[in-house]
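Participant: One-letter residues, chain by chain:
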Amino acid sequence: MSGINPTDYLLGELEPDEMAAGRALEARDPVFRAEVERLRPVVAALELLPEEAWDLPAPPAFASIGIADEGAAPVRRTRRRWWPAFPVLQPAVGLAAAAALLVIGAIGGALMTGGGSVSRAAPDGRRVVLTSVGSLPDPPSGDARIIGDAREIAVDLSHLPANHDGSYYGVWLLNTDGTMVSLGGVHIGKDGHAVLDAPIPVDASQYEFVDISLEPGDGDPRHSGNSVLRGQIS
Amino acid sequence: MNLACAIPLQSTTARAFGSAPRPARRSVGEPDPRRDDDRLMAGLQRGDAAAMEAIYARHAPAVLGFLSRVLGDRHAAEDVVQEVFVEAWRGGARFDPSRSGLSTWLFVIARSRAVDHLRRRIPEPRDASARGGPFEQEDPTSEIDGLIDQFRFAERMRSLPVEDARILKMRFHLGFTQSEIAAEIGMPLGTVKTKMNRSLARLRRAMDEDGDN
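Going down the list, the protein sequences come from chains V and D.
Residue 30 in our numbering sits at position 30 of the first sequence; the count goes up by one each step and never skips.
Every position in the second sequence, counted from 1, becomes a number in our numbering once 1000 is added.
Just chain V, same shape as in the assembly (with noise of 0.2 angstroms):
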């Protein structure tokens, strides 16, 4: 190689006539090149770096995230509420089973049934009206009932379209601000019609708003966006 320092090269930290040199160099030296090209994209990776990437923030101890004081291998734990300051549950997880007629909220376990032939929504309970957000030729309507300490939900659906190729509607809890938990969800077959009662792993009340989306089965245990039922808790 010649005495022109490749790093120094690539910083641009040479006269022009070292420059011009360096520039003939990698057109003809192939060791030269080689080493150019291997340290350029580590050149451009630091020239790229935002600058929070210099200075790294100190995160929160670790003693505070929960974890250190599980001794347990983490297979057997059990679910912990550490997040305090986004007081509600993950979307269910779990959702292969979706396409079933019956899906389990992982989180709170709560227990759905779907397709008409299940127990009936209590008849008592705080009433929230579920109208319909989207733009469907035949509307889907129905209600949800926040019963006794808002513990248990009950869901009558009626008009929505069938579910295929694995889709199935979620049902949730959620707040303006975006904070939402997934009760479960539930297939609807060709009369268009659910009845679901579920005990609920969370306090309803919090919540202020029952939503019912149409999610796609492809496992992704979040929200789709794509609601088809709203109705607020009073």
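No false leads were mixed into what you were given.
List time: in silico SDA-like cross-link candidates among lysine to any residue, alpha-carbon distance up to 20 angstroms:
1) D/Lys1193 x V/Leu14
2) D/Lys1169 x V/Leu56
3) D/Lys1169 x D/Ala1201
4) D/Lys1169 x D/Asn1197
5) V/Lys190 x V/Pro161
6) D/Lys1193 x D/Glu1163
7) D/Lys1193 x V/Glu13
8) D/Lys1169 x V/Glu52
9) D/Lys1169 x V/Pro50
10) V/Lys190 x V/His164
11) D/Lys1193 x V/Arg38
12) V/Lys190 x V/Pro139
Partial list, derived from the structure: chain V residues whose beta carbon lies under 8 angstroms from chain D:
13) Pro41
14) Val42
15) Leu46
16) Leu49
17) Trp54
18) Pro57
19) Pro59
20) Pro60
21) Gly178
22) Thr179
23) His223
What the hints contain is simulated information worked out from the structure, not anything from laboratory work.
The beta carbon of each residue, even a glycine, is placed where N, CA and C say it ideally should be.
Since the structure of chain V is provided, determine the placement of chain D on it from the hints.
Facilitator: Below, chain D without anything else, positioned relative to chain V:
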């Protein structure tokens, strides 16, 4: 959906400039972050809380930096970083080191939780009949992968000696030339250049080992 799995984590920077693969050789005494991660990951898979604490100490700053940048909210980022590491703790037994490194895995989790958080911010779910709801139209993931590359790179710099990292910062963040750095810190120019060469080579090796070509 399930974007975290759909989009591979690669260095777009490296792709843009191409690379000249070359066998990496680690200097005697040089830290080996990947090997350390493997050891810690084995501990995590055994349910060793001390290993988890070490993983947290090693990786949480970059993950938090990434989340702070993506979410634009330090407090929210701190909440989400906790979710990430608790998820890692609980899912450690399922981690497959043959598929990715520990850092890659943590950033996959962080990416997923960040997207989750961004989506939860949208207050009103929308029309089921409309094609391409706002989540699709305003895909919050479009710039996230580039940030992951950058913060993973920043994480690699943490394995450099403090003085070497300082020289990199002075050169690439503060805009000093090597000569100016030498004058500023009272170090011979040749030493600054040696450290610069060494740091770039180490970072390149780390990129190679992480498959970021």
